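Using the sequences and the accompanying hints, generate a full structural model.
Protein sequences, first through last, are from chains A and B. If you use the numbering used here, the first sequence closes out at 414, no skipped numbers anywhere. If you use the numbering used here, the second sequence closes out at 414, no skipped numbers anywhere.
Any given hint might turn out to be false.
[As the list claims (entries may be wrong)] Once the Cα atoms are required to be at most 30 Å apart in a straight line, the calculated DSBU-like pairs of lysine-lysine come out as:
#1 A:K316 x B:K389
#2 B:K258 x B:K355
#3 A:K316 x B:K316
These are computed hints drawn from the structure, not numbers from a lab. What you are looking at is a predicted structure, and each value in this text was computed from that prediction instead of being measured.
Protein chains: 2
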Amino acid sequence: MDVKSTPAITEEIDRMVEKLSAIGRTKNNGVTRLLYSPAWLEAQLAVKERMEDMGLSTYFDDVGNLFGRLEGTEKSSRVILTGSHIDTVVDGGKFDGAFGVIASMLAVSHLFQQYGTPRRTIEAVSLCEEEGSRFNLSFWGSGSITGKYRMKDAAELADSKGVPFVQAMNESGFGKGDYAQPERDDISCFLETHIEQGEILEREGKSWAAVSHIVGQRRYTVHLSGESNHAGTTPMNFRKDSLYAASQMIAHVVHAAKNQQNGLVATVGKIEADPNVGNVIAGECQFSLDIRHHEEDVLNKFCEETFREFKEIAEKENVSLQLRQWMDAAPVRMDPQLTRTGMELAGEEGIPFKKMISGAGHDSQVFGVYCPTALMFVPSHKGISHSPKEFTRTEDLEVGVRMLMKILYKLAYC
Amino acid sequence: MDVKSTPAITEEIDRMVEKLSAIGRTKNNGVTRLLYSPAWLEAQLAVKERMEDMGLSTYFDDVGNLFGRLEGTEKSSRVILTGSHIDTVVDGGKFDGAFGVIASMLAVSHLFQQYGTPRRTIEAVSLCEEEGSRFNLSFWGSGSITGKYRMKDAAELADSKGVPFVQAMNESGFGKGDYAQPERDDISCFLETHIEQGEILEREGKSWAAVSHIVGQRRYTVHLSGESNHAGTTPMNFRKDSLYAASQMIAHVVHAAKNQQNGLVATVGKIEADPNVGNVIAGECQFSLDIRHHEEDVLNKFCEETFREFKEIAEKENVSLQLRQWMDAAPVRMDPQLTRTGMELAGEEGIPFKKMISGAGHDSQVFGVYCPTALMFVPSHKGISHSPKEFTRTEDLEVGVRMLMKILYKLAYC
Chain A
1 MDVKSTPAIT EEIDRMVEKL SAIGRTKNNG VTRLLYSPAW LEAQLAVKER MEDMGLSTYF
61 DDVGNLFGRL EGTEKSSRVI LTGSHIDTVV DGGKFDGAFG VIASMLAVSH LFQQYGTPRR
121 TIEAVSLCEE EGSRFNLSFW GSGSITGKYR MKDAAELADS KGVPFVQAMN ESGFGKGDYA
181 QPERDDISCF LETHIEQGEI LEREGKSWAA VSHIVGQRRY TVHLSGESNH AGTTPMNFRK
241 DSLYAASQMI AHVVHAAKNQ QNGLVATVGK IEADPNVGNV IAGECQFSLD IRHHEEDVLN
301 KFCEETFREF KEIAEKENVS LQLRQWMDAA PVRMDPQLTR TGMELAGEEG IPFKKMISGA
361 GHDSQVFGVY CPTALMFVPS HKGISHSPKE FTRTEDLEVG VRMLMKILYK LAYC
Chain B
1 MDVKSTPAIT EEIDRMVEKL SAIGRTKNNG VTRLLYSPAW LEAQLAVKER MEDMGLSTYF
61 DDVGNLFGRL EGTEKSSRVI LTGSHIDTVV DGGKFDGAFG VIASMLAVSH LFQQYGTPRR
121 TIEAVSLCEE EGSRFNLSFW GSGSITGKYR MKDAAELADS KGVPFVQAMN ESGFGKGDYA
181 QPERDDISCF LETHIEQGEI LEREGKSWAA VSHIVGQRRY TVHLSGESNH AGTTPMNFRK
241 DSLYAASQMI AHVVHAAKNQ QNGLVATVGK IEADPNVGNV IAGECQFSLD IRHHEEDVLN
301 KFCEETFREF KEIAEKENVS LQLRQWMDAA PVRMDPQLTR TGMELAGEEG IPFKKMISGA
361 GHDSQVFGVY CPTALMFVPS HKGISHSPKE FTRTEDLEVG VRMLMKILYK LAYC
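Structure representation (structure tokens):
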């Protein structure tokens, strides 16, 4: 087998990235396609039309996931699903999600053009939602397919303007029972191509990566309560300075994460002090804490040690400490066999590749606990994403499509 | 000499504190009297009326300082000036500034009642402005008397609503040359009574303090510039985390201040990160730094060591560091002879007293470089000030008035 991409594919990649990014384009040259918005619907319909032009038979499910099906000859075969998500963050980039959708359509249609009907059925999918940018519910698309979410999980939600989730869904034509029920039991595996959103591949001069694990994420809000007081008239030993305590905690946890040297990352990106005035000791201080690693044991040990130290600092500084955990996403292992297959094929092709961990969340983590799943990365220039500046070179995008074609060929045609 | 306060004085203190605090009262039961506002003018006119009732001859100067004069028999004598400021912060307390004005009126008028005309002229003063809460110009009242400020220093200023300083001054009737020029060369000394705004006196069970020095204050804005990046996909060793660098600096400087144990205080009360999002490494971070001590050498050494360490942290964390100093107020020594006199008189009277440093700024620091100056404190309950919760017991206020009477008697009558 010698699956090749063609100059035509390269041209199509550029054209489709441009076309899709024009739907929901912002004044900053970014893209905003929030779930069930007019731009979101326009994008799904544009993908549908393109899938049909490519000879795929399309259908929506009742939450708005869009499928382009290439029926296999083995009628009893389960479905090989490949794709990513169509929604974006506010003022996001052209590639996050969208490239995985484009890659799946192109791979399936070009396999069909070159090799005809596969033995096993393949479906390209444009998942309705991953980012959680409009409603506070990430992975709605993949979650609805895999049974992680049901309609009732969205029943109480509203967006920041107060529009109820169900109303927005209905106004887009979904959620009324007019389409297939989203939950599936006929999927054999899921393959997702995505931009890395980090700069490891670019720094190492690699074009492609097979992801072995998606990290677990624990997110916390840390609140410290001390005593506001006059910066001039309060001696140092009378103080209950919440910002001083917070600073010691932040310095500690980031330092400890650096010392791990096992891929663990810890980030404090948000801080707020009150009253936040230069000549008043901060009575209250609150900061975010985001800790990620691909092994549950490592996360457990790190968090335990961190919070023991936080408690000691709080006691020493006479401030009260409240920890609120609001996310606990377990690490997910991608299918080792699919990962290995990908790397073997990349090796045969002479593509500079890497096996790596994903530090960001993806639909693949929802599929990964449901069916064998492969997540594959192409480089992100400078690691920038969720920004209009998101960029990946066309030659790297082409490698992503070609690798997907090769893996799909092996799974569906051999 | 046996200067006594009387039950009548105690009653008058309470009545005058209540009366003055009703002018500019806020819904939180605080007081807002911003320079040249209607409440400010009403308060000055109420003080003027009260001074006249007490037999003092009153006059304004052209910036709105109000004087109540008790002419001495020695016609050539220079003026003993005593008072404090009438303006407040937004939603401030009943005592900050106002009590010093009240104490000066009561002391001068009761000395006159008890001992008649003094040898040397005394003036009680209600200074127009100290806080800098409306226009960014503190000590306008004392600064205008001592020549620190002239009209041109206010020419370009406007308040947060865009009202020019000069317009506000004119609308109150001042700044048009209708009153005496503010700058004076006939003042022999200045005496100010003020609430401590700290809790040292209360904790130590003292009723009164003679202040030996007002601290020098250095205030900075520290800006750190690193690189915003994804919290999941950016390995720890690729990061330029400005909030991590800031945390190390804050932890360092506050720890170093605690270790000084010489009265130095260092405060970081304000912090801002950008983009200030939990799952994004903070590219930019800015924090305030407020350092105070009563000896210039100590300030110099501490600041030098602090900023050397800040530079090392910035280099280590790969962030750029900008230090902007926006206040450099030198320490001011109160007159040692006046301070000693005060303490001797307190000792004779059996008043539990203390000699202490003022960590807050006061009009006395402006007078202190111009003429012999004494600053005296009464306790602040829990150290709370600039708040509707500001409170001092009447018996402590009475000590403040009595001590002022005793010192004035010594200076003006003996």
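Against which earlier hints does the structure fall short, listed by number upward?
-> Going through the list in order, the structure violates no hint and respects every one.
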